Amino acid sequence: MNHSHDKPGLPERIPRPLVGAWRAARRVFGRKLGPRRYFVVSMATAFGLLFAISALGVWSVFFDELFGYQILYRHQEEKTRGLHNVETVFVGDSSMGNSIDAELFSELTGSPSVNLALTGLYGYAGAYNMLKKVEKNPVRNVVVMSTLDTFSRGTSYGGYLLTISDIADLEELDGEERSRSLAAFYSMILSSGNFKATIKSLLGLGKRRFEIVSDYIEQGPPIDPRGPRGLKPGQIRREKQRFLLKLLDFCRERGINVIHAHGPIYEGMARESGDYIDAVNKQLNESGVINVPDITVIPLEKIGDSADHVAPAFKQEYTRRYAALLASRLEIGDSRPAGD
Amino acid sequence: MLFSSYVFLFLFLPLTLAGFFVIGSRGRKEAAIAWLVCASLFFYAWWKPAYLAIIVCSMLFNYAMGRLIQKSSRGRFLMLSGVAANLALLGWYKYAGFFAVNLNHALGLGWNPPEILLPLAISFFTFQQIAYLVDCHHDRSGEYAFSHYCLFVTFFPQLIAGPIVHHREMMPQFELGAAFRLKHDDMAAGFTIFTFGLFKKVIVADGLARYANPVFSGAGDGLALSVLEAWGGALAYTFQLYFDFSGYSDMAIGLARLFGIRLPENFNSPYQAASIIEFWRRWHITLSRFLRDHIYIPLGGNRKGETRRYLNVFATMLLGGLWHGAGWTFVAWGALHGVYLMMNHAWRRFAVPGARGSAVAGVASRVATFLAVVVAWVLFRAESFAGAVVVLRAMAGFGKPGFSEFSVNHLAEWDDAFGLIGMAAGIAWLLPNTQQIMRRSRPILTEPEAVSQRSPFRELVHSQTLGWSLLTGVVFAYSVIGVSKGGDFLYFNF
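If you read the protein sequences in the order shown, they are chains A and B. Numbered according to the numbering used here, the first sequence spans residues 1 to 340. Numbered according to the numbering used here, the second sequence spans residues 1 to 494.
Bound conformation, chain B alone (with noise of 0.2 Å):
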């Protein structure tokens, strides 16, 4: 079931409201909560019923696994067991038709692997249960209750494409009775941020795929592209992605907020870093956490010299690129971030001090970063790594000049393309973000980066009013007529 759809807008998010705050209100929190429960197990399994017993058994397992490693002596090796049985499931849904294909490939076994339906969510699922298990290893964890644990995993705003929530982040708040009564500032809040994330979904990110998907298409057929195509799809792509994931993320946090729950940031407008390190730290901030958390750090992090942190680093992204895909331009997109990392901590090393704090500098950076990261789009979007030489190939210059006839026939619209590509780009740099809005209504659990005091627009923040209250009225309606084009989540897929 996606947010931007009408099946969840008018059916399954008025009656799971509903019969959270009737049973809420009566003082039966348990009941609520396995309520809340079932209403997201509903949710996932309208994608694919057969795939329930995967999330469940998923839970059940993690739980007791967690509960014996509290009690046992033996705690590493049931927390490596149980991480090791967790990444055996990723990997076989994930990844198994991956490595039996290119090990085919390679060794002409004459293997026929069965097709693999990658079940909806897992990568995000088994994270949030990875990093349960080791802090439970640690003493980091307390002795939840069954209840709340499956709540945790399960609560459908985050449940499918993220935030990848901490299990620090949500017990406390399962645990307070104030969170199941109906409180109208939060009611307030969550459908002012959710109708954000609606309208950069539907109206922004899905326009922008249109222009987009053919591009890369077409490049996938090896079709010539003009240098005016290629850099039209790869900016449209670029900014399709970011408002279609901060749009999901946006709405994750607004519906949770329905419910009296704050959820962790997981965008900090990140085409505005001044450098690949401070994307990173923009850009899926979740999941940025759990690498760093899980990966780079036991990996040895800085720890262990200079050397060992710059291939810790692109051993981390490698691993990043291919979680979000069983696929080689995944792990090129990875490896080549690996690599912007690792110039990234060179330069800040070795670079020369006055190169650095200028009013020029600052957008020169700014720029390239975002160049930088474009480029590296293409990897990740491209359905070859032949459609991503013909896009990247057109955009060094090696294309021809205005349109080709590929682009007249089924890109008649370039210049709506480029009128939107303009309109994000000037939303993506310009403005404050969702949170920086909201940020009177503490819309997540960490206070959202003050705007630049140097922003014209720094004194764009949501109040409580009549004006506010119309604007989001009317984005809503306006968003809900979009939602008929269809148009899945990117991140659905990861």
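Bound-form chain A, shown alone (with noise of 0.2 Å):
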């Protein structure tokens, strides 16, 4: 009998240096602690993590460029700067980019237009922030645009923080929509989604930074969206307008025509969801937007990557989709009133 590996679990052929790893290992790890010291530990362990992970979070999100979408804002917020006499702004989500060419929208509406798309991860906060950045132009229409499912979804209130241009801008939220706003942030930039892509990216083992192209995020491969269930009347969140209320309050004391319009959606979700775009429509018309009911279906043979996403391919066609949709509800050169 073997007497060498006196430790119980041992295999007896295992290499000398693997044995005295493993023996190392047990006297480190094995060693008692207190329960008072146990419990330090332990906690220390956790909270000291949950703080690195943090600070990698708030670094990735705004001193690199590792949170993904924020490549897409920090693009249209760009624009924002550089804008001159633009008439209708585009605010929405990934359904409008994929969808909306502003040159040519501008070009069949006569209407100086710009496409300040974000992802419905930045919901009507998003958009609501995207507008106020661009204020000093003599804006007469914005376009809303969201996909269809938007309602069904909670309020984005960590698309609010990720937009802001100003901690100050937080006093404009009541008590409730700033911790919520704070937690949400929290939440996004604690979530092991973000850790895992954060480490991965720094290791260099997988792709995060988005690629902007036709003046929206790279598509990936087409999908095949059927499947799917249609949506439903009780999915809807009345709370989803929070912002969007906001966003209204904002241009109708700046005298702006606000339209609402729905993104683009596979034709066999369109089809399935009929009571809730109903409700959805009531909802928005309550709300006092100008909206348009109207529902712009994608064919199978359209769709990009996703049930809401246009191939590449057809971004015009849509565009002149949405103007002749559009075109009639907004205010176009001289049909305000001079000085206003």
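If you're looking for bench data, these hints aren't it; they were derived computationally from the structure. There may be inaccurate statements among the hints.
[Said to hold, decoys possible] Lysine-lysine pairs mimicking DSSO-like chemistry, simulated, CA-CA at most 30 Å apart: (1) LYS282(A) / LYS48(B); (2) LYS32(A) / LYS183(B); (3) LYS400(B) / LYS302(A); (4) LYS246(A) / LYS400(B); (5) LYS232(A) / LYS183(B); (6) LYS400(B) / LYS240(A); (7) LYS183(B) / LYS240(A); (8) LYS48(B) / LYS232(A).
Please read these numbers as outputs of a predicted model, since none were measured by experiment.
Combine both chains into one complex, guided by the hints.
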């Protein structure tokens, strides 16, 4: 019998260095602690790690381009700095970013336009903050476009904090909104998704940087959107309007014309969501926005990398369709009293 | 307020603990209890303040009723009245809509039943108080102080989803002055057990939900499932439910321990059971105990012959199914388990003795029990009978091979799913459970079952070493960063 491996659980033919390492690890990690020290060490480990992960999250969002969507945000924010004589501003999510070519829209409608689309992550809160950044321009129309299931998602409190120009902007929120924004933001930077992606990116193991192509994030390969169930009226969350209403108030105070349009969506999804669409339109009409109730559908062959993304080859076609849908609702050229 | 939320972890819990021990360390035991009751009511009201009135009125009523029963000569009448009142409250909030809809459907009455929102935890606190009233009648209950009674009902670690505690387990602990002073042993054990539970809930259960939910939603919409998808969805849900609920129970046990209180065991590796009878001794143990004591035994138990015994088992499981939810799929789930139990009792009575005991028979019985439980969970989870039939048909082989279009588009990461299911299965089948790992700290009121001597993991026992301490901290941090994904506890619905 071999007595050289005196600890239980060690097979006999393990190489000597490994045995040494194993014993050293047992000595270190098997060291007994009193209950007080045990508790303190585990708490210190937990909160030390959480602090480090939070710091990494904040750094990735604000000081590096690791938080992918912030690349888009910075791209759009950059645009707001050089704007001249823009009449129509598009704000909304990726359904709009992938279907509106602002240059073509300007040509078609005669209204100089800019597309400041972010993503659903930023929601109406992001749209609201983007709009505030173009305040100095003589904007006449704001087109808010969001994908169909927007109203079934929670309020985008995190998106608010990601897009504010100044920390003093928080003063416009009430106490509850402020605390919810901070909590949502914290959960965003502390999320396992952000942490894993940041680590992968730092180690060069995963692509985190999005490329901007044709004024928006480059799409991935197209998907087949068949399968998901339609949306039901019961899924609508009324509080979703919170930042849309702020955006409306902001525009009313400045005499800006606000139009809400639904982003394009896979036709099968639209077909299955009739009651939901009616309920959303009713809610939008009650909010006072000029609502375009029509749903612009995407047939299977024109779907991009999501059920609400038009494939890049059809972006111009959809811009034309939206121009036709929106033109009569826009205030263009001298249609407003001079000096207004 | 969820245990797995930032507001609970970083605000509510530290403040409640600090207040409790500051008050307790000054020897003001009653004030510490009052503090804990207030904190528990705040915890409950966080969800919907309006329903605070229901739990408060329920406590006042049952406490007064209990005292009356103890003093009155008409104790039986009062006890039955009290139980009826509790059942009426539960019936109104949980079952009125269900019965109205079914009566409407059957008789074409054209009623328009109001939508009644189910108050959180009503099934749990009602059952605890029914047991109290019954014990008052049978002189098995002491004359408790009102504040202690309130804490017994509202103690936040177990308020929302159990374990369903018994007053005789809790009240003596509230009497001990030592429980109100900070003890590092309790803090160390409580934090470790809580961390195990948080990991089970946030990482394992919520991870599995991503695969189970689309399958059952798709089946509910009538989408054809493949055999692999159906089994993947059913297994994902089987392990999701276990890790969700046993994770919650671990968190409850860990939280209570932070306050120096021990709770009863609620899970004992149920998927390692070798029979359905054994499964119900290991799954939601405190509910099984309640159903046994307050339905099965009063119905006659096994004292009135074999036929009555089978009928009693079936009736108990049928009501157990209805307790889980006001829906026919839950009733069917309860009925199916009733049939399983009857078959199991019959097998024990009539089976050839030689068929039991061998290693092969042991494995076969574990596999058969597990498969029977998985099939039943499909009924439990399905959104409708039609949806359950879609899943069960595909599981039986009447589905497409491989993955359907539905799956390719929406469950593209099935590889991950089966990896996670495999990990969950490994933990549930092979490893000792939390109580067994933590047995040196006496985590629960009873002694945990000993780990089999044949288990290769029998030496996996927690001790207060640097390694366990670091591991606990790392697992806690890892679980907290998973919290942002959200996800309710499944048993909050019951």
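Quiz item: Are the Cα atoms of LYS400(B) and LYS302(A) separated by 30 Å or less?
Solution: holds (28 Å)
Quiz item: Under the criterion that the straight-line Cα-Cα distance not exceed 30 Å, is the pair LYS400(B), LYS240(A) satisfied?
Solution: violated (40 Å)
Exercise. Would you check the hint for LYS282(A) and LYS48(B), treating anything up to 30 Å between C-alpha atoms as holding?
Key: holds (28 Å)
Practice problem: Mind checking the alpha carbons of LYS232(A) and LYS183(B) for me, to see if they're no more than 30 Å apart? | Solution: violated (52 Å)
Quiz item: Taking only the CA atoms, is the gap from LYS48(B) to LYS232(A) under or equal to 30 Å?
Solution: holds (24 Å)
Practice problem: Verify the proposed pairing of LYS32(A) with LYS183(B), using a straight-line Cα cut of 30 Å. | Solution: holds (18 Å)
Practice problem: Sort out whether LYS400(B) lies within 30 Å of LYS246(A), counting only the CA atoms. | Solution: violated (50 Å)
Quiz item: Taking only the CA atoms, is the gap from LYS183(B) to LYS240(A) under or equal to 30 Å?
Solution: violated (46 Å)
Hints 4, 5, 6, 7, counting from the list given before, are not met by this structure.
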